[in-house]
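**Student:** Sequence:
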Amino acid sequence: MPALADGSAAHQRTDRPHGTLRRELLATVIHELVHLYDRARLWSPAQQLLQGQCRQRAGSLGLVGLPDDCRGQTRRRFTLSDDPRLLDLAGWPQRVGRRGQREHDNAQVARSPDNYELTSPLEFVAVNLEYFLLDPSYACRRPSLQRYFSEHFGWQPADTAACAPGLPILNAGRDFGRTPLLQLDPARVYEVDYLFAEANEAWVSRWGHSMLRLVICAPGREPGPDCRLDLDQHLVLSFRAFVDDVQLSSWDGLTGVYPSRLFVLPLGQVIDEYTKVELRGLASVPLKLNRDEIRTLVERSAELHWSYDGNYYFLSNNCAVESLKLLRSGTARAELAALDSILPSGLLEVLINRGLADASVLDDPREALRLGYRFDSYRDRYQAMFAVLKERLGLPQDSVEQWLELPAAERRRWIEQADLRASAALLLVEQAALRRQLLLAQDELKNRYLGGRGRDVTLSKADDALQELLANSGYLSRPAELLGGQGYGLPQASEWQRLEHESAQRQLRLNQLSGELEREVRVLLGDERRQELETIETNLTQIGAHLRTLHKAGGGLELP
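Residue 528 in our numbering sits at position 507 of the sequence shown, with consecutive numbering throughout.
Simulated from the structure, these hints should not be mistaken for lab results.
Any given hint could turn out to be false.
What the hints assert, rightly or not - The following label-pair restraints were derived from C-beta to C-beta distances: (1) 183 - 565: 52 to 58 Å; (2) 549 - 204: 47 to 53 Å; (3) 332 - 83: 28 to 34 Å; (4) 275 - 195: 25 to 31 Å.
None of the values given here were measured: they were computed from a predicted structure.
From the three backbone atoms N, C-alpha and C, an ideal C-beta is built for every residue, glycine too.
Construct the complete structure from the given sequences, taking the supplied hints into account.
**Tutor:** Next up, the structure:
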């Protein structure tokens, strides 16, 4: 009390989140007043009418027959803390297949101002209204909740800070040589697509994979259809299991051992990963969102990128479920409230049938490929190129698979016989041979690693590099690690310098580890596998030189 009386409490620092003694006392008073307000059931007339209608319908029709906007409205007891919209934003989303029942635990555990908020929705509301009223930067750190509270009260504090247009994002791409830290301006996002990777025979990929594609305009370009051509700018939001080992365990995937995290990836890497390596096609279906919905979805994605660390279940909390929860909390579209799907293909079908996604862009396959709405698997492309080789060179093999089974040294003798068109086809097919050998080498090393780990001394150096690489790369999907326990929500300008320094240091180390591991892996390969890889690389060099010679002989343009 003396500190309050003489004014020193306003400057007396504490080790509590609000900083000064005076602000801590104010926060305590606000916290308890919010609990009273929350329990007072101070709903608007429109909310009271909706709840009454929903309770009446539930009594006569049961929960199965309820309209979408009644989900979560039949047993309201609090002004704010059981509002379905608040629960979506706070981190208690709907459980799949449970007709509106909420998750028991809050997985938005990173970058929290006070872990007490995670104990229950009641405490979440009380803690967050402390910061809404006392922290001018709350609007920039938790923009979705700032918007929710401002709309609820029809008011916001006068000293609310002006926020920078860019949202901090860590690009989790494989290129460890580039700077991962980005500033994403929602105004540059023209559209958001549901990006669907088609199924294959692998058990974890049998129903496809759900992702969201941000169609980002190049700097200086006005948002419009031309932004779809700026492929190097586009980013992919992909919920994935974070697997910190070389072997994926089906049991761990079924029981939620792996963390579920939101990876932000460059579109080019995702296209290569699915179409070239896994030989799966991609369909990019635009979602029917307005400008405000796109902006809030991008903001919500950034918030989850910094705060979310859930548990991945292959059957009940997988990529489809996580993507739907993000769409629901990011857009507040009423049509999404009652959607349920655990299958990526099923979610796409439901979005199309509900009029939320425009599948007409895929009607003309040629046009879809040209405009980037579809990315075909390279399997058909390889077979088409092999058909060119068979026609031009008279190859005895009947399929591209048979051709790739040949030793690389045997394929080499055909290089000098190829004309310009055949050489171009040969280059593409030989690149496929390299990817195939790399996958076989990966399997060979994985089996050796799993069988000899801890016993085979030749693996120790590679094992150390691999373990450190896996441990250090975790921050790309959980960027809050870079700032330790300091701050909350989206990082602000005062934290940017540390972010740049920490991310640059981590990325430098990842680059070193990646190079070290690549060198060690080559040494660990069997002689036959290593020789085959080296021969394929020689073939590629020779085909490239042959192509240039033919191009020059045909009078083609030579670049300096």
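**Student:** Which of the listed hints are not met by the structure?
**Tutor:** none
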